[in-house]
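Given chain D's structure and the hints, the job is docking chains V, E and H onto it.
Number of protein chains: 4
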Amino acid sequence: MLNKIALEEAWNIPEGGSLGGFDSAKFSSKGVIGDDLGANLLDVHGTRLQQMDENGVEFMVLSLVSAGPQGISDPTAAENLARIANSKLCGEVMKNPKRFAGLASVSMHNPDQASSELKRCFNELEGFIGVILNDFQSSGPDGNTMLFYDDASYDPFWATAEQLNCPVYIHPRSSTPEIAEKMWKGRSHLNFSALGYANRVNMHLLGIITAGVLDRFPRLKLVVGHMGEHIPYDLYRIDHKLNRARFPNMRMRKDRLVRDYFGSQVFVTTSGHFSTPALLCAMQEIGVEACMFSIDYPFESIPNACVWFDEHVRDSINGRDLVRIGRGNALRVYERLREGPHRIKELGTAECGVGGLKAEEQEVEFGLYNKSWSRREVRR
Amino acid sequence: MLNKIALEEAWNIPEGGSLGGFDSAKFSSKGVIGDDLGANLLDVHGTRLQQMDENGVEFMVLSLVSAGPQGISDPTAAENLARIANSKLCGEVMKNPKRFAGLASVSMHNPDQASSELKRCFNELEGFIGVILNDFQSSGPDGNTMLFYDDASYDPFWATAEQLNCPVYIHPRSSTPEIAEKMWKGRSHLNFSALGYANRVNMHLLGIITAGVLDRFPRLKLVVGHMGEHIPYDLYRIDHKLNRARFPNMRMRKDRLVRDYFGSQVFVTTSGHFSTPALLCAMQEIGVEACMFSIDYPFESIPNACVWFDEHVRDSINGRDLVRIGRGNALRVYERLREGPHRIKELGTAECGVGGLKAEEQEVEFGLYNKSWSRREVRR
Amino acid sequence: MLNKIALEEAWNIPEGGSLGGFDSAKFSSKGVIGDDLGANLLDVHGTRLQQMDENGVEFMVLSLVSAGPQGISDPTAAENLARIANSKLCGEVMKNPKRFAGLASVSMHNPDQASSELKRCFNELEGFIGVILNDFQSSGPDGNTMLFYDDASYDPFWATAEQLNCPVYIHPRSSTPEIAEKMWKGRSHLNFSALGYANRVNMHLLGIITAGVLDRFPRLKLVVGHMGEHIPYDLYRIDHKLNRARFPNMRMRKDRLVRDYFGSQVFVTTSGHFSTPALLCAMQEIGVEACMFSIDYPFESIPNACVWFDEHVRDSINGRDLVRIGRGNALRVYERLREGPHRIKELGTAECGVGGLKAEEQEVEFGLYNKSWSRREVRR
Amino acid sequence: MLNKIALEEAWNIPEGGSLGGFDSAKFSSKGVIGDDLGANLLDVHGTRLQQMDENGVEFMVLSLVSAGPQGISDPTAAENLARIANSKLCGEVMKNPKRFAGLASVSMHNPDQASSELKRCFNELEGFIGVILNDFQSSGPDGNTMLFYDDASYDPFWATAEQLNCPVYIHPRSSTPEIAEKMWKGRSHLNFSALGYANRVNMHLLGIITAGVLDRFPRLKLVVGHMGEHIPYDLYRIDHKLNRARFPNMRMRKDRLVRDYFGSQVFVTTSGHFSTPALLCAMQEIGVEACMFSIDYPFESIPNACVWFDEHVRDSINGRDLVRIGRGNALRVYERLREGPHRIKELGTAECGVGGLKAEEQEVEFGLYNKSWSRREVRR
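From first to last, the protein sequence lines are chains D, V, E and H. The first sequence begins at 1 in full-length UniProt numbering and counts up by one. The second sequence begins at 1 in full-length UniProt numbering and counts up by one. The third sequence begins at 1 in full-length UniProt numbering and counts up by one. The fourth sequence begins at 1 in full-length UniProt numbering and counts up by one.
All the pointers check out, no bait thrown in.
Identical copies go unnamed one by one, so any copy, or any two together, can satisfy a pair.
Listed below are the simulated DSBU-like cross-link pairs for lysine-lysine, each with C-alpha atoms no more than 30 Å apart in a straight line: (1) K26 to K371; (2) K345 to K119; (3) K371 to K358; (4) K358 to K254; (5) K345 to K88; (6) K98 to K88; (7) K254 to K185; (8) K182 to K254; (9) K26 to K88; (10) K371 to K254; (11) K358 to K345; (12) K254 to K345; (13) K26 to K95.
Calculated from the structure, these hints are not laboratory results.
With the rest of the complex left out, here is chain D (with noise of 0.2 Å):
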C-alpha cells in the first residue's frame, strides 16, 4: 500500500546519553537489534528518508527514544532532556513537514510542568501532533519510584492535552533495577520487547481508563502500540472481571465498558507486531477504526513491517479497511495531520495503489503472488 502513515518511531539526539537518556554511542553493534541501532535513531532525512520512499511509507510520526524523561529520576534533569529534545525535535521535522511530524516528549515529575511544556510545542514550535509518555515516570533517590498517571494529580496534565487536542501515546519502557531484580533476575530476555513491556503497560493503560481520565476528559485519546499490548484479546475478561460490586470505587463510569473506549478514545498500532491472527482478532473485537498502522523504527525493519502489511495482510482484508489502518485512521485520529505544515489529505484506495487491475497488468491475472508463472521467485 502506498502513503502509509507510520506513528510509533523512534528518533534520538546525539547528545541523550550526556543528558540522562539513551546513549545512541552505546549501540552501534550491527545484527543484535537492526543494523545499526545507534545511527539510525540519530538519522531522520538519509537512509530513514529513502527506506520510507521504498517502501510506501509517505509520512512518519517521530518520538524521542524511550524512556526519554521517563527515565529520569531526577525532575530538573528529566525536563532539561524533554526541552532540548523537542526544540531538535520541531528543527528535524520543519525540515521535510510533508513527510515528518513528531511527538512531543514531557517529563511527568510536575503535571503543571508537563502542561507547560506540551502547550509549547503546540503552540510555540511547529510539527508536533501529539505527546508519547514511555510509561511510569521513575522517581526516587534511587530510581525505583514510580510514578502512574492514572492518579487525580495528573488530571491537568490530561486537561491540557484534551484542550490541545493532543493525543497521547502510552509507550513502553524498561522496569526499575529494584523491580528488574525481583521478578525478571534469570529472565531477564522476558523483560523488554518479548513481554515485559507489554505487562507493564497494559496495566498503566487500563490504569488509566479505569481511573475514569477518559470519562473526565471526553475528548482525550490514547494510544497504545504492539497491537494494544495484549488487551485486545483480552477484553472479554477484563470487562467480565472488572466487577463494579467487587471494586465499588473504580471510578470508571459505571455505565461504561473498557471495551466501549476502543476506537473513540483508546487506538492501537502494529508497530513491532506484524502478525495477522493478531490483527484479524484485534479487527473484531476492537473493530479497525481502533487499529493504525506502525513500525517502530528502527528498532523494527521497515521493509519487513510494510513487506507485511503491503502483501500479507493486503491478501487477508479489504482494501478499504487495509486503507484506514494504512493511512485514514491516523488522519482521524492525529487531526493535526491536516493541518499546519503537514496538510496531509484522505487518499481513497486507488491513490493507495490498493485495488483495481493494473495497466501494465492488464494482461494478466488478478491474484499473483509470485508474478511469474513458472519460476519460484525469492526476494531478493
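Just chains V, E and H now, with coordinates in the frame of chain D:
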C-alpha cells in the same frame, strides 16, 4: 441490538395469485415454511409489527414477494401486477412510515416502461426508497425465455435508477420450467433457497457488474441478500479467473476488479443466512460497510434472525461494526430513509443498546451469556 | 512448506483431441491460460517435475484433463478414451511412483462399465489411488442430456468405489451447448472457472449427498476442489433450508446434516482458489481435516499456489494445521498413497520445514517477511 | 455439547484457612464472586454435581483453590497443607471417580519434597491425573521472596512430573505484598483476574519454556488457563523478539520457537475467558489441539461457561473441533483420565450431541437460535 433496520422483507397482496403473482392462499399450512406463510405475507401492521417491536427491529423495508412481475411472461400482466402492488404498498407503508418503507416492483419486459413505473413510485407515490428485481424476467410464449439486465438494452433502466438515487435489490427467483426439468429434476429440494436461488442470482449479479453497468452508472447501487449469494467467499477466484486477456470483450473497466465495487456500489445483506463464520468471512473480504442486516421474513423467523444478530454476532464483533451492519449502513445505502416521511436517524452504540454496563446490571459482571449464576436458563 | 502433496492436477494425452477429449494442440498460445497450456498438460517428467522440485511439492496426483469421458456423449467413445488414458497414465506415473500417482477416468454412461474400468485400474494397473468424475456425463444425440450420479441407478458404481476404498474427486466441467446458450450467452466469461464451474458442480455434489449416497456407502469419500465450490460458506443456509417437512422425500439420513459429512466423507481442496479468508472460513465451518492443498496445474501456476501456501497461509495458521492441509490429510483420505509403489509417509512440522528457527538463521529474528533488514526485496 | 470435561475447577477444604490456605469462611457473601464462593468451594457432590448434570459437564478435574501451598512462605506449613489437601481430595474424587479426578497440590520450596508428594499422589493415592502449581512459591521471612521454577534447581521436579506422565497446570496467584504495594497500589482492581494474574503467570510460563525445561523433559506437558494468559495473541512478537543474538544465554533449543511447543507440550484452557474472538485467534495461532474447555468454577458460573461453549462457540466452529476442545484433547493431554478408576472414553460428535438433526426436531429446520418461530424467547 435495538433499532435495527431490515431490508429484504416480503409482503403480498390478496389478489397476488389472481394477478399472476404469488398466491398467498395456497401457502397457509403451518410448519413447512414459517408458521403461516400466506397470512404472514399479507400482514403488515399486526403480527409483523408486533414481532418487530419484540425483537428490536425499528424499521422494515417491504417488497412484493418473489417472483412478482419477473415471473409473468406476459408484459401487460407483469406491468399490471407491478402497478397495483406498488400503489397498495404505498398505502400500507404510509399508514406507518416511521416503521415501514417499500421497494418498488417493476416489470422488466421493457426498460422504458420499468423506468416510468419507477419514476411514478419515486415521484408520485410516497414511501419508496429502492426497487427490487427478482432475478431474470420470464418471457416468451412458454415462459422459458430469460431476460437478463446485463444486456445493453437495459441501460435506460439503470440510468433511471441512478438518476433517482434508487438502490436496486437483486433478489432470487425460481428457475424456468425448462431449466428445472433439465437440471434440477430429481434434486428439486436444491433448486430453491438451499442452492438454486444463489446459483442463479450470483450469475446475474456478476453479469451486471462485468457488463460494466456500474461503470456507466457510477452512482448506481446494487444490493443482494443471503450474505452475497456465495460471491464474497469466492472473490479471489472470480477476480483471478476473469482474465482480461482471455475475455477481452468483457465490458467492465479494465482497471477494476469485481471486489472494488463492494461497499461503494454493491452491498450484501444477511437475509436467510444467519451464519457467523460466513459473516466474518464477508467482513474480511468485502468489509463491514458492504454488509447489512436483513431477515427475509416471513420465509425466515424474525426472532431467529434477531437472536442470532443480537446475541451471537454481538459476541463475535465489536459494537461499532454491529451497529453499522444492523442500522448505519442501511442509512448510507438507502438515503431516502433519512428523508420524506421516514426521517430515520443515525444512532450510536449506546442508543442501540450495544456496549456499556446497563444500569440495572451494574452490580453484576459483564459477559453473562446466562444471567443466572447457577441455573441453566432455557429459552421460553 | 516442504513435501506438499497436490491432488487436482491435470494431464493430457497427445491423442486427447482425436479421441473426443481435450485437444492440447489447440491451446498452445502463451499468456492466456498459463504459459503454454497444451504442452504443460502433456508434460509430466520435465517442466512439471522441475517446478515441483523448486516449490516443495513432493507428490502430484494426476488426472486426465476435464471433461474427459464425461464430455463424450457416445458411450463407446467415452469408454475408449477412459481406457486409453488410464493405461497411459499408469505408464507415466510408474516411471516415477515416488512423485506421481493417478486418478482413474471412467465413462459414466453405464455404472457397471464404470465399475469394471475402475476395478481394472485398481486391480490390474498400478499407481491409481482414486477416481475423477468431471461433473455430469454428456449424453444423447446432441450431447444436451446430462446424466447425474445421484440417480439410484449409479449405486453399483458407488458400491465399487467404496469397496475399492477409492475416493471420488468431483471435478467441474463445461455446460452443455443448450444450457450455455440459454443461460450464459452474453456472459460466457462467467461460465467457466470464474463461476459456472462451481455453480454446476456444487449442485451435483449436494445432489449426491442429499440423495443418501454417503449413507448407503458409509466408507465412500468424495473430494471437491476450489475450496469447496461455494459450499463451506453456505453450509448454514444449506442445512437450514433443507427442511425435512418441506422435502420429505429427500433420501439423506433424517438425523444428519450436510455439514456432518465434511471431514469424514467429504473433503475440499484449495485448487485454484488461493484465498486466505476463504480458507479460514472453511476451517471454521468444516474443520482443518476437511481441507487439502491442491494447485490445479497447469490451469494455475505451481509457484503461485505454493508462494500463497508456503508464505501467506503459513503466516495465518499454526504449523500443525499447515502440515495437515499441505500433506497429512491427503494421506488419510487417499490411503493408497501410503502403499504400493508410492509409500508416502506421514511427516511432522520440522520435516516439512515448518516452525523452528533455522540453523542458518539463528543469529537473526523470527518473523522476517523480508530477509534484509534495510532493503525492500522484490521477487525475481 | 454433552459430555464436556472441565479442567481448572477449584475446591477447598474446610480447614484451608487455618492451615494457611484459602479461608472459605471469609468468602460467604453472595453476589460479589459467584453466589456463595466459600460454600461452593467446599462442595463437590451437591450443587456442583447437579450443575454439571444440568450443563452437560461429564467430568471435572478438581484442584485446591489458589494460592494453596504456593502462598505459604513457611516450607513445613506449605508441605502440610499440600499433604492434607491431597489426601482429602483423593477421598472426595474416589466417592465418584466417573465424574471427578484431582490435580495434586505441592509445596515448591523444595523440589525433592515436591517430587515425593507428587509420587505419593500418583502411586499411593487414587484419582490424581496431574498437578497444579499456583505460579511462584512465596518464600522468605516476609513472604516477599518469589521462587520461580525456571531455575535449574527445579529440574528434579520436572523430571518426576515427566516420569509420572503428569501434566503440570500453571495457575495464577496473587502478587507478594511488596509488589502489590509498589506496582498495583491505587489500581488493585486490576491486580487480580482482570489483568495481574495473567501478567504474572505468563512471565513464569515463558520463563519455564525459554529456560529449556521442555527440551530437557520432552514428554513433559504444561497447561495454562484463561485462553493462554495473553500468549497466543502475542506469539509473533514473542518469537520475533527472543533474538538469539541478543539473548545468547537463553537455554531453549536454538532450533525451536516458543510456538513450536503448543499442542504437543503446552496447552491452554478457556477457563474464565469466554470470548469467541479470542478462541478463534488461539485456534489460528496455536491450533485446535492446544485448546481445551474449562470453567474456573466457582469463580465463574458453570451455566455461563456452558451456554457460551454449547451455543455460541458451537455456532462459530465445526463440530469436530468443538468436541476436541470440549473433551477429546483433555483425554490426550491427561492420559490417566482413560485409566484407573475414571476410564473416560473418546466420544464422537453424535455422542456429544453435536451435529445431526435431532429426532424430535426432524420436522423443523436446522439453525434455529430461537426455537419458536414467532415469539422471542428469553432465558429463564
